[in-house]
Amino acid sequence: GQSLEQPSEVTAVEGAIVQINCTYQTSGFYGLSWYQQHDGGAPTFLSYNALDGLEETGRFSSFLSRSDSYGYLLLQELQMKDSASYFCAVRDPDSWGKLQFGAGTQVVVTP
Amino acid sequence: DGGITQSPKYLFRKEGQNVTLSCEQNLNHDAMYWYRQDPGQGLRLIYYSQIVNDFQKGDIAEGYSVSREKKESFPLTVTSAQKNPTAFYLCASSASAGGHEQYFGPGTRLTVT
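Here the protein sequences line up with chains A and B, keeping their order. Numbering-wise, my numbering puts 17 at position 17 of the first sequence, and it's gapless, one number per residue. Numbering-wise, my numbering puts 48 at position 48 of the second sequence, and it's gapless, one number per residue.
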């Protein structure tokens with residue numbers, strides 16, 4: 001099976017930088033995805049890393065190290081609207097159609 | 001606009017009743033999924049379908065049933081056999097079963113008393 005670990009909550013002030021770590025264990029790896037979910041809303045896709053390194057999309061960046069089974073999502077220039085839960089996810093190598101999600105990290109942005 | 005619709009947004013039922021949650025997509029996606037989310041927790045997969053007329057159990061399928069008679073539609077029935085049905089239910093789709101980007105509907109919040 002697979003397991004993913006990420007911190008339950010991170011608090012930061014507006015304008016700061018937040019890094020959300022995700023460590024995973026899986027028998028076969030096909031990339032790490034990140035999703036954002038505002039309270040009561042639908043998750044939305046943020047990024048996907050299949051290869052090692054940093055992917056940048058505006059204020060958000062995602063990093064992957066396959067040798068360390070580790071990735072992170074970096075949120076820069078934090079804004080109040082970034083207050084949300086962030087989930088990492090990996091594909092189930094035994095059931096191609098399935099994504100396994102982490103428990104999520106709640107990011108709280110304060111003024 | 002293309003997207004996924006779920007209805008209703010809020011649903012209340014009495015214990016012992018079956019209830020069907022609707023999910024429709026006009027993205028022309030092959031794969032569709034149903035997830036359950038409990039407060040403060042991640043997403044748990046109930047059922048998924050990679051193609052019309054085919055579906056597989058996810059991690060928590062007991063007490064649920066689905067059908068996939070049309071590409072656009074993937075309804076979920078929460079049966080009376082589901083012990084703790086009160087939860088937030090999310091439907092999603094992806095272009096193919098191997099697609100890493102899933103698109104989610106707005107969700108249905110089901111309360112069973």
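What the hints contain is simulated information worked out from the structure, not anything from laboratory work. Fair warning: there could be bad hints in the mix.
Said to hold, decoys possible - Stretches of chain B that chain A covers, calculated by requiring three or more beta carbons in the stretch to come under 8 Å of a beta carbon on chain A:
no.: 1; segment: 50–58
no.: 2; segment: 96–106
What the hints assert, rightly or not - Now the in silico label distances, taken between C-beta atoms and shown as ranges:
no.: 3; chain 1: B; residue 1: V52; chain 2: A; residue 2: D39; range: 43 to 53 Å
no.: 4; chain 1: A; residue 1: A50; chain 2: B; residue 2: P8; range: 35 to 45 Å
no.: 5; chain 1: A; residue 1: G53; chain 2: B; residue 2: R13; range: 42 to 52 Å
no.: 6; chain 1: B; residue 1: T79; chain 2: A; residue 2: G53; range: 26 to 36 Å
no.: 7; chain 1: B; residue 1: N28; chain 2: A; residue 2: S3; range: 32 to 42 Å
no.: 8; chain 1: A; residue 1: L54; chain 2: B; residue 2: K14; range: 29 to 39 Å
no.: 9; chain 1: A; residue 1: E55; chain 2: B; residue 2: R13; range: 38 to 48 Å
no.: 10; chain 1: B; residue 1: S96; chain 2: A; residue 2: S65; range: 44 to 54 Å
no.: 11; chain 1: A; residue 1: G15; chain 2: B; residue 2: K70; range: 40 to 50 Å
no.: 12; chain 1: A; residue 1: Y48; chain 2: B; residue 2: K70; range: 25 to 35 Å
no.: 13; chain 1: B; residue 1: E69; chain 2: A; residue 2: G15; range: 43 to 53 Å
Heads up, the beta-carbon is just placed ideally off N, CA and C, and yes, glycines get one too.
Tested hints:
1. Coverage of a stretch by a chain is defined here by at least three residues with a beta carbon nearer than 8 Å to that chain's beta carbons; for the segment 50–58 of chain B and chain A the count is 3, and the condition holds.
2. With a threshold of 8 Å between beta carbons, the proposed coverage of the segment 96–106 of chain B by chain A holds, since 9 of its residues qualify and at least three are required.
3. For the hinted restraint 43 to 53 Å between V52/B and D39/A, the CB-CB distance of approximately 34 Å leaves it violated.
4. At roughly 38 Å, the beta-carbon separation of A50/A and P8/B lies within the given 35 to 45 Å, and the hint holds.
5. About 48 Å separates the C-beta atoms of G53/A and R13/B, a value consistent with the hinted range of 42 to 52 Å.
6. Taking the beta carbon of each, T79/B and G53/A are about 46 Å apart, not inside 26 to 36 Å as hinted.
7. For the pair N28/B and S3/A, the beta carbons lie near 34 Å from each other, so the given range of 32 to 42 Å is met.
8. Evaluation of the 29 to 39 Å hint for L54/A and K14/B yields a failure: the beta carbon distance comes to about 52 Å.
9. Between E55/A and R13/B, the C-beta spacing of about 43 Å keeps the proposed range 38 to 48 Å intact.
10. Between S96/B and S65/A, the C-beta spacing of about 27 Å breaks the proposed range 44 to 54 Å.
11. In this structure the hint that G15/A and K70/B lie 40 to 50 Å apart at CB holds, the actual value being about 48 Å.
12. For Y48/A and K70/B, the Cβ-Cβ distance of about 29 Å falls inside the hinted range of 25 to 35 Å, so the restraint holds.
13. Taking 43 to 53 Å as the suggested C-beta distance range, the pair E69/B and G15/A conforms, at roughly 51 Å.
Figure legend: structure checked against the earlier numbered hints; hints not met, in rising order: 3, 6, 8 and 10.
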